[in-house]
Every structure is written in structure tokens, then in C-alpha cells.
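Asks: Here is how the chains run, residue by residue.
Protein chains: 2
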Amino acid sequence: MTNERIEEYLETILYLTNKNKGPAKTNQIAEELKLSPPSVTEMIRKLFGSGYIKYTPYHGVTLTPKGCTEAMRIKRRHQLLETFLVDVLDLDPKFAHAEACEMEHSISETTLEKMCAYMGHPEICPDGNPIGHGECCPTEALNASYRDYIPLSELKEGEQGTIKIISLTREIKDRLSSIGLIPDQEIQVKRKLGQGTLSITAMGTEVAVGKNIASKIMVQSHGA
Amino acid sequence: MTNERIEEYLETILYLTNKNKGPAKTNQIAEELKLSPPSVTEMIRKLFGSGYIKYTPYHGVTLTPKGCTEAMRIKRRHQLLETFLVDVLDLDPKFAHAEACEMEHSISETTLEKMCAYMGHPEICPDGNPIGHGECCPTEALNASYRDYIPLSELKEGEQGTIKIISLTREIKDRLSSIGLIPDQEIQVKRKLGQGTLSITAMGTEVAVGKNIASKIMVQSHGA
DNA sequence: CTATATAATTAGGAAAGCCTAAACATGTCG
DNA sequence: CGACATGTTTAGGCTTTCCTAATTATATAG
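Protein sequences, first through last, are from chains A and B. Be aware that the first sequence starts at 1, since it is given in my numbering, and climbs by one per residue. Be aware that the second sequence starts at 1001, since it is given in my numbering, and climbs by one per residue.
Rather than coming from a laboratory, the hints here were simulated on the basis of the structure. Just so you know, not all the hints are guaranteed correct.
In the DSBU-like style, the derived pairs of lysine-lysine whose C-alpha atoms are separated by at most 30 Å in a straight line are [unchecked claim]:
no. : chain 1 : residue 1 : chain 2 : residue 2
1   : B       : 1114      : A       : 114
2   : A       : 94        : A       : 114
3   : A       : 34        : B       : 1094
4   : A       : 94        : B       : 1114
5   : B       : 1114      : A       : 75
6   : B       : 1046      : A       : 25
7   : B       : 1046      : A       : 114
8   : A       : 75        : B       : 1094
All chains, full assembly: derive it from the sequences and hints.
Replies: Encoded structure:
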């Protein structure tokens, strides 16, 4: 089982190789993790020795299939935790992200699965990114779907979309259906009333949607 | 802020001084934490240096007010987490205890409070112990109330009790009231149907209560 | 093609926690 | 009272992960 520090490095390397569309550099990793470059070089050697990364001195690092599988596993934990913290416990998204970073290393697979089940197996994160399933090396397609889903509160006036209530708890689903909104429903934004509060048409009827809930309903935009 | 290892030691010392009704011995701590005695001696010196414990070489350790406050804070986190894992996520109580041990060090105060609120500010743990509030050095009274509350599933045939649904989630409260059970209600066990399933009378009417839910309803027993 | 800026690595060392083996206290039993 | 079993501490060492300072490799601009 990988330990906490190794997990942190692998996660960062996954993030950077995706961002770079190429190897992660020593200095980048150091900056990301707020460490000195020599510390990173040292750990790189260790990760290489354990078969998690490919590594050419002076040229940077990419994940091996083994390392990528591990990194994706951690990313999934992070995303599920983040989703749970935001959707169930109603934490501030930014705070939830930081908290998930802390918790993702100590939570067990069992507990994570229970959380996942409790939320109804969400497929997207509060930040709009799809939640992985441990598959190896994220494909272009997966990356392309980034931000496919956005919170309802971010739709512009006049814009249309489809509701995707994939990641919400029973509680929020209930509140939603009580105001007449259901998954896969076509909606159009009428007016933005400020601070995320808006007035939309759904199935021909006009509905007001409050700030808190609007930021939690993920929609797929179809433009104006 | 205390670190993870210090928290673990303080928690153990609180547990042992309570159990001993006297100082915690080096070997006890070592055994509890599965460490060698010299490692414990070393950490004891550190804790003493930071003012968390009183320490006389060869005689053992007690908590100072500072140490006790800290230990109680950690104990509360542990208990709240354990309650959350059992009552909300439906984890096996034994597993939840172990998991809480891992998570209690990384979860933030903010998240913990959100969990607490989500559960409706529970006052007892799934194990029947009262959840502390960070008060210093547990009193006799606090210890005396251990196991005042037991799961409904443990009431014997013919025994009476009062329902204390202090630590349950909305979900379970709903399931409860749907079968006609409410907090502070007087009940009497009619028959035990095996495996925790039982038939009880509440407000004059007979109700069947299933295994899962019976083990989560805490009651104060009044005897047969 | 060389001088130089930038990036990465080596060298050497520190702190935290852990270990084993050996020395040392303490309380008890004859 | 003294010897011994038990429990505790000292001595010395190991691993992990981090650091700074100095060195070396690479890429680029003139």
C-alpha cells in the first residue's frame, strides 16, 4: 500500500503531466508541493525504484501504468470526498477541496464506497469534472469533458441547458422536485437576479431558484 | 497545533488514566500503541516538555489541564466521527471505530461541526457512551453514565425503556416515526424474534422493529 | 560555437519517530 | 535485609523526508 507522501507526489505528477501534456518537471513538482527541488529529486528516485514513474534525469517524469492507476485511484477518492463534503455536508467548495486533500489519504475504501452509495453514485464533482473510476492514464476524451457540466448558477441569461442531477443527495433531490425540477429536464434561464439566484422556465412554467441550490444543480449548457 | 502522533499519545493516556484511575505506565502506553517502551519514554519527555503531561520517571504519566483539554477534544472528534460513520454511512460499528481512529487526525473542526449539525447534534455514541464537549478531565459522573443508553435490540423480553433518538439522522428519524416511534416515548418489549428483531408496544400499540433499526435506537432501560 | 542563465542533481546534514540491547530502578518474597 | 523479577530508561542506530549550499547539465542568445 502506498503511503501518504507517495500518494501526494503521484497525484501531483498526474495533475502536471495532464496540464503539460508532457513530462512533469522537478521544479514544477517542487513548487506544487512547496518543497525544495532536491527533495523532489530524491523522491523521484524512490518512485522510479518502485516502478511508479518513468524518469530521465534532467528531463522530467511521467507515470507508468502502475503509477497512473494508483494516481487515478487517489484522484477518485479526492473527488468523491469533495463531492460528499459539498453536497452532503454543505461545505464551501474551496474549503472542501483543501479538506479532501487532507482526508483522501486516511479514509478507507469501504467508507468511501459507503459515501458514494449514500450520494447515489455521483458521476461529476462539484467543480464540474467527471469523477474517475480508477481507469489508467486519462484519455483525451476524459479531459475534453472537463467543464462539460457547470452549475446552474453559472448559466447566462437566455441560455438553455439540460439538468444533470447526478451528484446530489436525496435531500437536495427532494428539494429540487418540490420546486418542479427533475433530471434531464430542459430549462432556459429567464433572468438572473444576482448572487446566483435566478428565474428559469422548466416545462413551460417559470420557477425561481435560490442561490444555494442553483450552485448545486449541474447542467449541460446548450448555449443561448 | 498538535500533530498526529502527539494526538495519538494523548488519547491513549486519557484512556489509560481513566481506566487505571491513576497514572498511565510506560509499558501500558507502549502496548496500547504497539510501540517499544523506549519509544514511549522518548515521546513522554517531549509531551512533558510541551506541558501536556505530568511525569515522574519510573512512576507514570497523568494529563495536565492543557493535555486533558487536548485529549478530550480528540476524543470528541473520534466519537462524532464514529457516530457519523455508523448512523449516517451505516458502517459496521467495529470498523467505524478503527476508521474513526484514522480520520480523527485529519478532519477539520469545520467539517466536524457540519457532520455534527447534519446528525442533529447527537449526544451519545453508537457504543452508548456520551459524547464529550471538550471539558477538562472527565469526572466520575461522566464515567458513571457509561452505558446508560443501550441499543433497543439489546433490551430483554418484557423489559421497559424510554427511547432516546439523540444520535440519529433525519433519514432514520423518518423511518422511525413512520413506524410510530418518537423520542422520549415509553416502550416495552413484547417478544424477541431473534437477531435483534423484536416486537414492542409503544403508546399501547404493538410495533415490529427490524434488526438494523433496532440496533440504532438508543434507549434508557427501566428494567422489567 | 561559446557564454550564460536556468534547471537539476550531488553532498552533507537535521528532525521526528521508531528500534534493539544493555543498564538501571523498584517492589516483593524469602 | 538482600536478591531477583519486572518495569523503565540510557545508548546508539536506522529510516524517512525534508533542508541549504555547491556543483553539474542543458538550452539559448549572441
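Asks: Take the hints in turn and mark each one as holding or not.
Replies: Hint check results:
1. B:1114 <-> A:114: Holds, at about 18 Å.
2. A:94 <-> A:114: With Cα atoms ~23 Å apart, residue 94 (chain A) and residue 114 (chain A) stay inside 30 Å; holds.
3. A:34 <-> B:1094: 38 Å, violated
4. A:94 <-> B:1114: 15 Å, holds
5. B:1114 <-> A:75: 24 Å, holds
6. B:1046 <-> A:25: Violated, because 39 Å separates the two Cα atoms, which is more than 30 Å.
7. B:1046 <-> A:114: 39 Å, violated
8. A:75 <-> B:1094: 28 Å, holds
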